[in-house]
Each structure stands twice: as C-alpha cells, then as structure tokens.
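J.: Chains A and B are the protein sequences, given in the same order. Going by the working numbering, the first residue of the first sequence is number 1, and it counts up by one from there. Going by the working numbering, the first residue of the second sequence is number 1, and it counts up by one from there.
I should point out that these hints are in silico values taken from the structure, not numbers from a laboratory. Don't be surprised by glycine CBs; every beta carbon is placed ideally from N, CA and C. Please note that a few of the clues may not be correct.
Taking lysine-lysine and the DSS-like style, the derived pairs with C-alpha atoms no more than 27 angstroms apart in a straight line are [said to hold, decoys possible]: (1) K98/B x K117/A; (2) K46/B x K8/B; (3) K46/B x K61/B; (4) K117/A x K66/B; (5) K46/B x K66/B; (6) K8/B x K117/A; (7) K117/A x K46/B; (8) K98/B x K104/A; (9) K66/B x K104/A; (10) K104/A x K46/B; (11) K98/B x K61/B.
If you want the footprint, here are the derived chain B segments under chain A, 3+ residues with CB under 8 angstroms [what the hints assert, rightly or not]: (12) 49-63; (13) 92-98.
If you want the building blocks of each chain, they are given just below.
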Amino acid sequence: MSHDRFVYVTYIRTTPETLWDALTQPAFHRQYWFGMHIESDWAVGSPWRLLFEDGRAADAGEILEADPPRRLVISWRNEFRPELTAEGFARASFEIEAVDGSVKLTVVHEMERTGSKLIEAVSGGWPRILSSLKSLLETGEPMNRGEPLRAA
Amino acid sequence: MSMDAVFKALADPSRRELLDRLHARSGQSLNQLCEGLSMTRQAVTKHLAILEQANLVVTLKRGREKLHFLNPVPIHEIASRWIGKYQLGPLQALADLKTSLEEPNDEP
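Throw the hints in and build the complete structure from the sequences for me.
T.: This is how it looks when you write it as structure tokens:
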C-alpha cells in the first residue's frame with residue numbers, strides 16, 4: 001500500500017507528563033497552536049475536534065489509541081476545505097520518549113493514498129506548531145504568536 | 001539537539017543532495033536513496049548518520065524496511081530564530097517569486 005507520510009521530530013527539555021498535557025489540554029493548545037484548540041476527552045473511541053478561535057471546526061476525528069504519557073493515535077479529517085474533507089481520514093500518531101533529560105516527540109501524519117492534499121497542507125503547519133510548542137515548554141513563550149495558520 | 005550539528009550537517013553538498021531527494025519524496029529506503037547517485041552506498045550511510053544526529057533525517061521501521069524522512073523541524077527553528085514573526089509572509093512571497101523566475105533550475 002502506498003502512503004503519503006510525513007514525520008516530524010523535536011526534542012524538548014520537559015517531562016513526558018508535561019508534554020502529554022500540552023498535547024491534550026486546550027489551555028496549552030491556545031498558547032502554541034495559533035489560537036486554536038482541541039476538544040476531546042481523549043478516551044479511545046471518543047471524538048476530537050480542532051477548533052478555530054471563532055468556534056468553527058478545522059479538523060476532526062476519533063481517538064484510536066491513548067497511552068498517557070507515551071502514545072496517542074488519532075484519525076484526522078479536514079472539516080473546512082471540501083476538497084480535503086473528500087479525501088477522508090488520515091492518521092496522526094504522537095510518540096513521547098524520555099531521552100537524556102529531554103523528551104523526544106515524534107509526530108507521524110499519514111494517509112493510505114498518494115498525492116494527498118491534506119498531508120501536503122498539514123506539512124506546512126506541523127514544523128511551526130512544534131517549534132512553537134518547544135519554545136513554550138522551554139521558555140514559557142510560544143513562537144510566532146498570533147500569526148494565523150493557513151494550513152489544514 | 002544542537003544548532004551546531006544542524007549547520008555542520010548542512011555544510012556538505014552531498015548531504016544537501018540527500019535532503020533534496022527526501023524533500024522530493026519523503027520516506028525512502030537506503031536502496032531507493034542510493035539509486036542514481038554517484039556516491040557509494042557506504043558514503044550515503046555515513047552521510048545519513050550525520051543527518052540523523054542533527055535530527056534532519058529521521059527513520060521509521062515499516063515492516064522489514066527502514067524508511068528515511070526529512071525532518072523539517074530543526075530548519076524551521078533556525079529560520080524562526082532570525083526571522084521576525086511578521087516577516088514570514090513577505091519572505092515567502094519573495095522566495096516564491098525567486099523560484100518561479102528561476103525555474104527550471106533545480107539548485108535552490
């Protein structure tokens with residue numbers, strides 16, 4: 001099976017527990033996810049929605065695996081660009097590993113098809129979100145705050 | 001992850017060529033990466049190790065294959081360090097203009 005798949009890795013000076021909270025709590029999201037936040041109870045089978053500041057859903061899906069503070073896997077569908085919604089669900093996984101006093105975060109975003117516009121669209125967003133997350137957890141200040149995110 | 005390691009890794013044209021290939025197609029095996037390159041397999045392996053140490057390349061096991069991916073996060077961190085948050089838009093427009101004017105030149 002051919003895949004479109006992107007991988008993002010960042011090392012953050014924090015603990016796995018704090019990083020898990022930063023990935024799952026809206027108060028954290030709002031600080032580094034360009035004003036957006038995710039609503040979910042993070043239980044396997046539960047829905048999640050990434051919301052713009054005005055309350056519209058940007059993306060949504062279901063929690064496929066949750067093993068705090070180590071591993072989170074979610075299905076992911078764009079909800080605001082019809083041509084991307086039509087592609088259906090992608091899959092995003094978050095792996096958290098403690099490495100030498102830091103935490104390694106690996107994000108894999110993939111779809112079982114090639115030429116996915118969704119995967120292309122999120123590929124512009126993840127490096128910015130992860131840099132901002134790292135900056136927030138290490139310095140207390142997010143990066144590029146307030147800049148609108150155009151990606152999916 | 002030190003910025004020194006990223007700059008050292010990027011300072012070599014062969015390593016930049018490997019990153020270009022991974023940018024064109026993300027998720028390649030060592031065999032795929034070696035195809036059509038003038039470098040020996042040994043040299044590619046050595047360069048990939050340096051790129052991995054700098055976190056510019058990450059690998060994932062998928063079945064029996066080890067796939068290599070370009071990790072853009074360290075490059076974004078370098079850019080963010082010196083580019084102000086309001087400059088990104090105009091700079092992207094300039095970069096797009098340069099790309100369109102220089103096509104089909106592959107050298108960035």
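J.: Hint numbers the structure violates, sorted upward?
T.: Hints 6, 7, 8, 11 and 13 not satisfied by this model.
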